[in-house]
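Note that the protein sequences, when read in sequence, are chains A and B.
Taking this note's numbering, I'd label the letters of the first sequence as residues 1 to 151.
Taking this note's numbering, I'd label the letters of the second sequence as residues 152 to 302.
What the hints contain is simulated information worked out from the structure, not anything from laboratory work.
All C-beta atoms, glycine included, are put in the ideal place defined by N, C-alpha and C.
One or more hints might be untrue.
[As the list claims (entries may be wrong)] Quick partial rundown of chain B residues pointing at chain A, CB under 8 angstroms, derived from the structure:
no., residue
1, Leu207
2, Gly208
3, Arg209
4, Ser260
5, Phe271
6, Gly284
2 protein chains.
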Amino acid sequence: MSAAHSHAQSPGEGLPELTERLRRKSRKVTAPRQAILAILRRHPHPLSIREIFGELGRGNCDLATVYRSMHLLENMGIVKRFHFEQGGARFELLDEGDDGHHHHLVCRSCDEVVEIEDCFPSELEKRIARRNGFKSVTHRLEFFGLCPRCQ
Amino acid sequence: MSAAHSHAQSPGEGLPELTERLRRKSRKVTAPRQAILAILRRHPHPLSIREIFGELGRGNCDLATVYRSMHLLENMGIVKRFHFEQGGARFELLDEGDDGHHHHLVCRSCDEVVEIEDCFPSELEKRIARRNGFKSVTHRLEFFGLCPRCQ
DNA sequence: GCGCTTGTTGCAAATCGTTTGCAAATGGAG
DNA sequence: CTCCATTTGCAAACGATTTGCAACAAGCGC
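Can you make the complete structure from the sequences, with help from the hints?
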């Protein structure tokens with residue numbers, strides 16, 4: 001799974017650096033939060049809440065706490081939330097300073113995810129915004145297809 | 152509302168033509184289905200299930216029937232399903248032969264929707280597919296921003 | 001027109017993902 | 001160590017959507 005991930009993931013921050021980011025915003029560094037960050041750090045893929053919860057090992061922390069933690073981490077800019085075709089939200093750890101704007105190519109059959117560097121041309125986006133009088137325009141873009149193994 | 156819609160909507164088919172499409176695939180032309188098609192025809196916007204259900208007037212047809220009808224119409228290629236940032240699915244009537252591939256610019260504040268003709272460059276999409284060994288790659292693309300009235 | 005067969009509907013209950021209220025537990029500043 | 005605001009677990013509430021099932025009706029053949 002991890003091996004199939006084509007995007008070269010930077011080494012990323014260690015747990016200490018991540019928890020430091022929490023502390024800096026005067027958020028408490030609790031066991032559930034550390035555990036969640038550790039899991040996200042181990043998986044460079046967009047993880048679903050269920051997957052995160054599953055890895056926590058039953059009895060470790062409540063599902064509601066996972067939801068609450070993901071909101072917190074999202075608002076702090078530590079993770080980014082994605083939505084694919086099916087199922088609930090998925091989350092990816094962000095490096096500090098990274099706005100997390102990138103896209104995915106998802107296999108319709110096995111859900112394998114590849115990160116994509118290409119992006120919708122920004123001049124085109126600006127033109128679309130201008131033409132319609134919109135401001136602060138961003139976009140959401142995901143690709144779907146059949147991966148080599150599933151064809 | 153309709154006036155704000157920038158996309159020149161073709162006259163579209165009348166109810167008779169639409170119901171004919173149902174008949175051709177040996178599906179029954181029932182009152183709920185006709186009512187739903189009529190509503191979709193009146194609104195060139197992506198409508199939510201709740202909006203459709205609301206327009207039906209209480210007592211006219213069950214909510215479950217609306218959900219079932221939308222699946223049917225989607226599978227027959229009569230409507231297209233969209234997902235924006237919040238809330239449930241939204242549906243738009245498709246002209247016959249139209250694959251419905253187009254995108255939207257949605258106001259983050261008032262949900263106003265504008266249709267966009269631009270699309271992600273297909274050469275770029277092909278390159279992404281090739282580079283990752285994927286087949287049958289399509290994409291989903293939506294824009295979000297602040298409309299003139301909401302800025 | 002009349003019934004038959006099969007697709008369709010209404011209703012209620014189930015499911016899925018997510019959120020919330022509340023009292024008990026706890027991180028960390030002083 | 002104490003205190004307090006934040007966080008947690010638990011259970012219940014929620015919104016969107018799906019499903020089982022018995023009653024029903026569209027459109028075929030006669």
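task = Would you settle whether the hint for B:Leu207 is holds or violated, based on the nearest Cβ-Cβ distance to chain A being less than 8 angstroms?
result = violated, 28 angstroms
ask   = Close enough to count: is the Cβ of B:Gly208 nearer than 8 angstroms to one in chain A?
value = Given a least distance of 33 angstroms, the restraint on B:Gly208 is violated.
Restraint outcome when B:Gly284 is required to lie within 8 angstroms of chain A by C-beta distance = Status holds, d = 4 angstroms.
key: Hint check, B:Ser260 versus chain A [nearest Cβ-Cβ separation less than 8 angstroms]   = Since chain A brings no Cβ nearer than about 10 angstroms to B:Ser260, farther than 8 angstroms, the hint is violated.
key: chain A contact restraint on B:Arg209 - CB to CB distance below 8 angstroms   = Violated - the Cβ of B:Arg209 stays beyond 8 angstroms from chain A, reaching only about 31 angstroms at its closest.
ask   = Against chain A, is B:Phe271 within 8 angstroms by beta-carbon distance?
value = Where the cut-off is 8 angstroms and the nearest Cβ of chain A is about 6 angstroms from B:Phe271, the hint holds.
The structure does not agree with the numbered hints 1, 2, 3 and 4 stated previously, though it agrees with the rest.
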